[in-house]
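Quick mapping for you: the protein sequence lines, in order, are chains A and B. Here the numbering used here runs 551 ahead of the position in the first sequence, where the first position is 1. Here the numbering used here runs 74 ahead of the position in the second sequence, where the first position is 1.
A portion of the hints provided could be inaccurate.
[As the list claims (entries may be wrong)] Derived lysine-lysine pairs resembling DSSO-like cross-links, with alpha carbons at most 30 angstroms apart:
#	chain 1	residue 1	chain 2	residue 2
1	B	96	A	587
2	B	123	A	587
3	A	569	A	587
4	A	591	B	132
5	A	570	A	603
6	B	123	B	151
7	B	123	A	591
8	B	96	A	573
9	A	591	A	570
10	A	603	B	96
11	A	573	B	151
12	B	132	A	570
13	A	592	B	151
14	A	569	B	123
15	A	569	A	591
16	A	570	A	592
17	A	573	B	143
18	B	132	A	573
19	B	123	B	96
20	B	151	A	569
21	A	587	B	132
22	B	143	A	603
23	B	151	A	570
24	B	132	B	143
25	A	570	A	587
26	B	96	B	143
27	A	603	A	592
Simulated from the structure, these hints should not be mistaken for lab results.
Listed below, chain by chain, are the residues.
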Amino acid sequence: ETGVTQTPRHLVMGMTNKKSLKCEQHLGHNAMYWYKQSAKKPLELMFVYNFKEQTENNSVPSRFSPECPNSSHLFLHLHTLQPEDSALYLCASSQDAAGSPTDTQYFGPGTRLTVL
Amino acid sequence: AQSVAQPEDQVNVAEGNPLTVKCTYSVSGNPYLFWYVQYPNRGLQFLLKYITGDNLVKGSYGFEAEFNKSQTSFHLKKPSALVSDSALYFCAVRASGSARQLTFGSGTQLTVLP
């Protein structure tokens with residue numbers, strides 16, 4: 552899992568807090584992703600960045616704000632979250648230079664977020 | 075639209091026995107299929123993928139998967155299960171016309187009993 556790292560691994564925050572999740576990939580990939588994983592539900596794709604440009608936003612509430620300063624780093628800024636936002640947030644990266652459907656995504660270990 | 079179904083939330087198998095984790099899919103066009111494994115408190119690890127060609131795909135840790143177009147299935151298999159294989163397994167699909175969006179199943183918890 553050294554290919555994609557995420558910090559912090561665990562985060563507890565109140566509904567009025569502002570916090571950020573960080574993801575870094577060491578694989579030389581061009582695309583990065585944020586997913587939300589809730590218990591017993593399929594992974595939900597939140598955002599996609601390709602060459603630092605956001606290419607997908609799957610109707611994610613504005614209390615989640617992504618930032619991709621370069622192809623190696625991805626942030627998810629959090630503010631005024633709700634308890635139902637508690638979940639495991641996974642970052643992934645892939646080569647995805649040409650949008651190939653065979654492109655493989657590689658995941659980080661995730662940040663376990665609890666919103667009180 | 076594309077979708078994946080993993081019909082079993084939980085699969086139990088005895089160590090040393092063969093294991094199968096089921097996956098069926100629905101896509102328009104040619105499917106590209108993936109299996110990932112998730113150990114507790116870890117992210118998803120890529121196991122294998124089907125692109126084209128041989129219907130039997132071999133992957134990491136002795137796992138393999140069989141693509142069956144007529145049954146729209148991509149079941150994960152291993153001839154002899156290990157206790158350390160106990161984890162959550164996810165199947166995912168992407169259609170040939172879709173650039174990035176992977177659609178994941180809801181996961182199957184595999185428990186290998188010693």
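The hints, checked one at a time:
1. 96/B - 587/A: Between residue 96/B and residue 587/A the Cα gap is close to 23 angstroms, so the pair holds against 30 angstroms.
2. 123/B - 587/A: 22 angstroms, holds
3. 569/A - 587/A: 18 angstroms, holds
4. 591/A - 132/B: Distance of about 27 angstroms is within 30 angstroms: holds.
5. 570/A - 603/A: 21 angstroms, holds
6. 123/B - 151/B: Between residue 123/B and residue 151/B the Cα gap is close to 13 angstroms, so the pair holds against 30 angstroms.
7. 123/B - 591/A: 23 angstroms, holds
8. 96/B - 573/A: With Cα atoms ~34 angstroms apart, residue 96/B and residue 573/A exceed 30 angstroms; violated.
9. 591/A - 570/A: 26 angstroms, holds
10. 603/A - 96/B: The hint is violated at about 36 angstroms.
11. 573/A - 151/B: Violated - the C-alpha atoms of residue 151/B and residue 573/A are around 35 angstroms apart, more than 30 angstroms.
12. 132/B - 570/A: 42 angstroms, violated
13. 592/A - 151/B: Cα-Cα ~23 angstroms, so holds.
14. 569/A - 123/B: The given pair, whose Cα atoms are some 39 angstroms apart, is violated under the 30 angstroms limit.
15. 569/A - 591/A: It holds: about 27 angstroms lies between the C-alpha atoms, which stays within 30 angstroms.
16. 570/A - 592/A: 25 angstroms, holds
17. 573/A - 143/B: 40 angstroms, violated
18. 132/B - 573/A: 33 angstroms, violated
19. 123/B - 96/B: Judged against 30 angstroms, a Cα distance of about 15 angstroms means the pair holds.
20. 151/B - 569/A: 44 angstroms, violated
21. 587/A - 132/B: 29 angstroms, holds
22. 143/B - 603/A: 37 angstroms, violated
23. 151/B - 570/A: With a Cα-Cα distance of about 41 angstroms, the restraint between residue 151/B and residue 570/A is violated, given a limit of 30 angstroms.
24. 132/B - 143/B: 17 angstroms, holds
25. 570/A - 587/A: 16 angstroms, holds
26. 96/B - 143/B: OK: residue 96/B and residue 143/B at ~14 angstroms, within 30 angstroms.
27. 603/A - 592/A: Roughly 29 angstroms separates the two Cα atoms, so the pair holds.
The structure is inconsistent with the numbered hints 8, 10, 11, 12, 14, 17, 18, 20, 22, 23, although it conforms to all the rest.
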